[in-house]
Amino acid sequence: MRAVVTVVGKDKTGIISKVSTFLAERQVNILDISQTIMDEYFAMIMMVDLSRATMELSALAEECRAMGEKIGMSIHIQHEDIFNAMHSV
Amino acid sequence: MFNYKDVLETIEMVEREHLDIRTVTMGISLLPCIRATAQETAKCVYDTVCKKAENIVKVTADLSAEYGIPIVNKRVSVTPVSLICAPFAGQADLVGKALDDAAKQLGIDFLGGYSALVHKGMADYERTFIQSIPEVLASTERLCSSVNVGSSKSGINMDAVGLMGKIIKQTAEATADRDGFGCAKLVVFCNAVEDNPFMAGAFHGVGESGTVINVGVSGPGVVQHAIEAIPDADLSELAEMIKRTAFKITRAGQLIAKEAAKRLGAEFGIVDLSLAPTPARGDSVAQILEEMGLECVGTHGTTACLAMLNDAVKKGGVMASSRVGGLSGAFIPVSEDIGMIESAEKGVLCLDKLEAMTAVCSVGLDMIAVPGDTSADTISAIIADEAAIGMINNKTTAVRLIPAPGKGVGDQVNFGGLLGRAPIMPVHNQSANKFVRRGGLIPAPIHSNKN
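Heads up: the protein sequence lines correspond to chains A and B, in order. Residues 1 to 89 (the working numbering) are what the first sequence spells out, left to right. Residues 1001 to 1451 (the working numbering) are what the second sequence spells out, left to right.
Treat the hints as calculated values from the structure; they're not laboratory data. Be careful, since some hints might not be right.
[As the list claims (entries may be wrong)] Dumping the calculated EDC-like pairs for lysine to aspartate or glutamate here, alpha-carbon to alpha-carbon at most 20 Å:
| # | chain 1 | residue 1 | chain 2 | residue 2 |
| --- | --- | --- | --- | --- |
| 1 | B | Lys-1258 | B | Asp-1062 |
| 2 | B | Lys-1005 | A | Glu-63 |
| 3 | A | Lys-12 | A | Glu-69 |
| 4 | B | Lys-1058 | A | Glu-56 |
| 5 | B | Lys-1058 | A | Glu-63 |
| 6 | B | Lys-1407 | B | Asp-1373 |
| 7 | B | Lys-1262 | A | Glu-56 |
| 8 | B | Lys-1005 | A | Asp-32 |
| 9 | A | Lys-10 | B | Asp-1373 |
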């Protein structure tokens, strides 16, 4: 199963490192990553593979939220189908 | 890989614009539960509902976490109870109690289907059943009731309309300690639909299969935000923008509906394309209409704005879903919409304007508080007016009025939560007694003869 991780918030040092370590610890494999800065705001989108993940997506979503709070960013992980459904005809 | 704009738009819709799936409703047929006695039937009803819907809360919580979209309500609708209680209608309350207990066991807030379909005629067992409604709504918490009194094909059963005026009054009196709260769980329909996922009017029609998942989407805030983004657009451009937004919202609903059906072992029924408001600011249909250019909802131009909004939502939604059904339109429940509440408090939004609005949108005179001394005949006359709009226009219309005991114009009722609060609206004082008491059937319109 593939999911999309989004990380949004005020730019600071070490965001990518913290998030990718967090994902690696849970056996979540990053397939694609893109990142940009918009008006001092950091926005990163990652496509990840959950086939070897150590936990269910719903549990991972809760951990991502908590991780986001810890580092002062908004972090979401969502099944890729929601974006396919909403943004393609 | 997705582009930033699309991904961030979805996140923003959820975080800032109240995008949610308003309800995942499981429709369950109770026809296999009919037994020789009311007691045995009630037991089977309880067991069936608890078994079929046992995972509804867990599955919707999982889906909500996985897809990152809140699912606000989990509900169950059942076969109209008057049908399964026909041999022992005097004890239908036992089945009502069993359904309320099942809702509590499942952890869902409402269960719909304490209902009767009497649009052409009313059998003795149906009359007995309907007479049980006030007491049952007063003694249960989560059970919802509806009665269909008319249809485009059969006309309007004015005997049933006359009876429902009295039933609404009795329900208000039986729950007088809670401002007539029982009436918030009672809907009188014309052209009721069999696959409506929204409460209080949901029931599982006899034309449906055994177990079905119907989903109601929402998103007034998302539509309002989309309109805000193009302040100088003309109305054609506005309609296009609403269509595109409705498409995205509905796609999310369709995805959740299909996945929920799969995980719950039910069939995917329909997606209901309704813009359903909540009392939260920014989640209001009235505020969409005001964003379109009205100073205050209820003023001249309101009906036209609502007609365009309702049509554009349907056009976008139909394209997005393989199966559309339910009520599908913009809801205008007064107590559940902050913009409607404020307009009613200012005296701009009145019952007559709301009646006109119901001719161009779903679903009817919804969650409107009227003075406690409004007579049963006046309530019946209001029901008859609304049913006539539905019958002639081939659409669903409904009445959910709360004649708040002991209250008058200037007071308000407050039910809290999703049901919100409502200022008492004045009704006309001139009588319609003679008309209502004539009884009989208003014949179906000429355009119903299509065979």
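- Query: Does the structure break any of the earlier hints, and which numbers would those be?
  - Reply: 2, 9
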